[in-house]
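These protein sequence lines are chains Z and U, in that order. Sequential numbering of the first sequence, starting at 1, is according to the working numbering. Sequential numbering of the second sequence, starting at 1, is according to the working numbering.
Watch out, some of these pointers could steer you wrong.
Incomplete in silico selection of chain U near chain Z, CB under 7 angstroms [as the list claims (entries may be wrong)]:
id: 1; residue: Y84
id: 2; residue: A97
id: 3; residue: E248
id: 4; residue: V251
id: 5; residue: Y262
id: 6; residue: L285
id: 7; residue: R288
Everything labelled a hint here was simulated from the structure, so no lab data went into it. Note that beta-carbon positions come from the ideal geometry of N, C-alpha and C, so glycine has one too.
Protein chains: 2
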Amino acid sequence: MNIAARMAQIAPFHVMELMARAQALEAEGRSIIHLEVGEPDFATAGPILEAARRFLAKGHVHYTAALGLPQLREAISNHYRVRYGLEISPARIIVTAGASGALLLALGVLVNPGDEWLLPDPGYPCNRNFVRLLEGRPVALAVDAASNYQPTATQLAANWTDRTKGLVVASPANPTGALLDSETMASLAGVVAQRGGTLLVDEIYHGLTYGVDAMSALAISDEVFVINSFSKYFGMTGWRLGWLVAPERHVREIEKLAQNLYIAPSTVAQHAALAAFHPETTEILESRREEFSRRRDVLLPGLRALGFKVAAVPQGAFYVYADSSALGADSDQLAGEFLSEAGVAATPGMDFGNNAPRAHMRFAYTVARDRIEDGLARMAAMLGSR
Amino acid sequence: MNIAARMAQIAPFHVMELMARAQALEAEGRSIIHLEVGEPDFATAGPILEAARRFLAKGHVHYTAALGLPQLREAISNHYRVRYGLEISPARIIVTAGASGALLLALGVLVNPGDEWLLPDPGYPCNRNFVRLLEGRPVALAVDAASNYQPTATQLAANWTDRTKGLVVASPANPTGALLDSETMASLAGVVAQRGGTLLVDEIYHGLTYGVDAMSALAISDEVFVINSFSKYFGMTGWRLGWLVAPERHVREIEKLAQNLYIAPSTVAQHAALAAFHPETTEILESRREEFSRRRDVLLPGLRALGFKVAAVPQGAFYVYADSSALGADSDQLAGEFLSEAGVAATPGMDFGNNAPRAHMRFAYTVARDRIEDGLARMAAMLGSR
Numbered sequence: 001m002n003i004a005a006r007m008a009q010i011a012p013f014h015v016m017e018l019m020a021r022a023q024a025l026e027a028e029g030r031s032i033i034h035l036e037v038g039e040p041d042f043a044t045a046g047p048i049l050e051a052a053r054r055f056l057a058k059g060h061v062h063y064t065a066a067l068g069l070p071q072l073r074e075a076i077s078n079h080y081r082v083r084y085g086l087e088i089s090p091a092r093i094i095v096t097a098g099a100s101g102a103l104l105l106a107l108g109v110l111v112n113p114g115d116e117w118l119l120p121d122p123g124y125p126c127n128r129n130f131v132r133l134l135e136g137r138p139v140a141l142a143v144d145a146a147s148n149y150q151p152t153a154t155q156l157a158a159n160w161t162d163r164t165k166g167l168v169v170a171s172p173a174n175p176t177g178a179l180l181d182s183e184t185m186a187s188l189a190g191v192v193a194q195r196g197g198t199l200l201v202d203e204i205y206h207g208l209t210y211g212v213d214a215m216s217a218l219a220i221s222d223e224v225f226v227i228n229s230f231s232k233y234f235g236m237t238g239w240r241l242g243w244l245v246a247p248e249r250h251v252r253e254i255e256k257l258a259q260n261l262y263i264a265p266s267t268v269a270q271h272a273a274l275a276a277f278h279p280e281t282t283e284i285l286e287s288r289r290e291e292f293s294r295r296r297d298v299l300l301p302g303l304r305a306l307g308f309k310v311a312a313v314p315q316g317a318f319y320v321y322a323d324s325s326a327l328g329a330d331s332d333q334l335a336g337e338f339l340s341e342a343g344v345a346a347t348p349g350m351d352f353g354n355n356a357p358r359a360h361m362r363f364a365y366t367v368a369r370d371r372i373e374d375g376l377a378r379m380a381a382m383l384g385s386r
Numbered sequence: 001m002n003i004a005a006r007m008a009q010i011a012p013f014h015v016m017e018l019m020a021r022a023q024a025l026e027a028e029g030r031s032i033i034h035l036e037v038g039e040p041d042f043a044t045a046g047p048i049l050e051a052a053r054r055f056l057a058k059g060h061v062h063y064t065a066a067l068g069l070p071q072l073r074e075a076i077s078n079h080y081r082v083r084y085g086l087e088i089s090p091a092r093i094i095v096t097a098g099a100s101g102a103l104l105l106a107l108g109v110l111v112n113p114g115d116e117w118l119l120p121d122p123g124y125p126c127n128r129n130f131v132r133l134l135e136g137r138p139v140a141l142a143v144d145a146a147s148n149y150q151p152t153a154t155q156l157a158a159n160w161t162d163r164t165k166g167l168v169v170a171s172p173a174n175p176t177g178a179l180l181d182s183e184t185m186a187s188l189a190g191v192v193a194q195r196g197g198t199l200l201v202d203e204i205y206h207g208l209t210y211g212v213d214a215m216s217a218l219a220i221s222d223e224v225f226v227i228n229s230f231s232k233y234f235g236m237t238g239w240r241l242g243w244l245v246a247p248e249r250h251v252r253e254i255e256k257l258a259q260n261l262y263i264a265p266s267t268v269a270q271h272a273a274l275a276a277f278h279p280e281t282t283e284i285l286e287s288r289r290e291e292f293s294r295r296r297d298v299l300l301p302g303l304r305a306l307g308f309k310v311a312a313v314p315q316g317a318f319y320v321y322a323d324s325s326a327l328g329a330d331s332d333q334l335a336g337e338f339l340s341e342a343g344v345a346a347t348p349g350m351d352f353g354n355n356a357p358r359a360h361m362r363f364a365y366t367v368a369r370d371r372i373e374d375g376l377a378r379m380a381a382m383l384g385s386r
């Protein structure tokens, strides 16, 4: 069987097996509380759906330019002006097939075979697999509660080698919900710049922060690559649309790659997304953000009461990354027990790297509060009966 | 500036510059006949639009499984049964973000750095750039009118080296519209199998053939990788949806890569595509196919009358690849003159490889017959006034 060597180093999502088992249980009539899914349960906001319907009424669903609809690039630029007070030229904004497309375009023009890229561990597993796809070498930067699950400039400098070409960070991060503050972001950017490397910042959970605003790395430097998404805050997962902000002198190369790898992002999704920044949409999204905040405030104390350890209150995304070691030595086994005995699905740490994965689990607050409460009660009953 | 070495070998589409110039001329009020665009001018067929609208009415646009909606994989499987008399298990069918997504998934699990893959020249330029993205080495197989612009088994065997790992062919091909017959396909597959390589067949123009049916490589072997698309025959370019048929034992690896690189294809597009195989859609698409045939039968004799040489009548896709050497030594310059002097846009051969590109141009019959006739008259007037 002809299989590229890279595939041995690209892991499947373990949670997919767990989800398949959850579905099998549901098919048998079992009720399952889904705390494993990194996707909000909300429908697409009405004004976005309405924009899609208006576009489809004309029926002409042709390719757009590879870099995206000019008016959508303008709208994203305006979003940076309104939300962040930043002037980001539309010429630097590339509309992509999800944040996945943004990552492939950015890393495709940056990563040479053998190049080392540093990525926090735990972290979103796809990011390192994009580096591997391009024959680069993803190198883990172990992060933990002591540094709010984000790398520090000191740690970055200590781990930078002659082969290191870049750093990928996320704020808010998955699975931890941890943010990078301005000072830390600036110091990380400083180390990267000083070494002649590239900083890529995953900002796909921007907008989903609670009691604090996430700062964009674009405020610090025009040299960073920033990826973002319409999936999370804008609630457009299944539409597959995101964007990339790149240094202006890289845009021509990115355009070449976009033409070749994607032709263009989805035209329907792009026209729908034009409504994502309208005030009536913002009102809906902000009320959902408040609901996420309330869900977190149910889930987090509930998990702590069960014996999970969570050092700091996660300030963004919709995840709680919990130390499960007081409840069991192996979070993968514990996740299996929660599923089969309590009917609660959560993601074992294994999906997020090699840094104490068996001592951690990720819980997503992407379902309604009563479901979260039900899930907590089920886990309590199971743990109490031991 | 940190740019990966691969980017120096990934060419932009030259036609994009020509299209930008065409748009600039149109902005000045000039009328331009577009014979350069590889995209049909038709709106999406009504039943497909209606399926999208019905799906959007519910508003729940969430991720699907990475391999695609089970019912769409079933529908594609049924399409092979109905149209080709082939039994292709849905388990082997992967729904993708366009044929682009299918190519990246197939080559991503197959291509190791330094592996050589053979591709016909002239050919669709993106294919070789996917090989290059993955650090493989695309190697051109020069094809010409003598072998109907397709490689022969003898040629393939003569060009296969110890480093060769596979062959990518297309039928119908872009830019030539040339088909591979069963005998040639079987003999190519035989050489590839005998050398332990992999055959990948691009069938994205299937359905768009005139007076002949294209045979699928799946009729010959379960070992081939076949990519297909909803863009061309099904007229869904801007929706960005395609599919891959792979040997069953490769599907698990492809699923891993799909989860990591795409999460899932567009949910809206997948629900819309469920209507692509309905009888009322087929009726619309078949009448469009007949219209393409009539357009070809205007364009081809018209080009020949102008002095272009086209050896064989192209039997598929919507392109005529014409030898322009009698009209000018450099097709790139000639294309520029057609645009600026006659207001006709066509694609210079440079976009399709290094095999006599300056002696060839590609004309697409993706616009209405009266536009094609107008374009021919404009070129005739320009050439006559020289």
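Checked hints:
At its closest, the beta carbon of U:Y84 sits 25 angstroms from a beta carbon of chain Z; the interface hint therefore is violated under the 7 angstroms criterion. Given hint, U:A97 at the interface with chain Z, holds; its Cβ is 6 angstroms from that chain's nearest Cβ, closer than 7 angstroms. With a cut of 7 angstroms, the hint placing U:E248 at the interface with chain Z is violated, because the nearest CB-to-CB distance is about 11 angstroms. A cut of 7 angstroms between beta carbons decides the hint on U:V251: the least distance to chain Z is about 12 angstroms, and the hint is violated.
Taking 7 angstroms as the C-beta contact cut-off toward chain Z, the hint placing U:Y262 at the interface holds, the least distance being around 6 angstroms. Look at U:L285: its Cβ only gets to about 14 angstroms from chain Z, farther than 7 angstroms, so that hint breaks. The beta carbon of U:R288 comes no nearer than 13 angstroms to any beta carbon in chain Z, farther than 7 angstroms, and the hint placing it at the interface is violated.
Checked against the numbered hints above, the structure breaks hints 1, 3, 4, 6, 7 and satisfies the rest.
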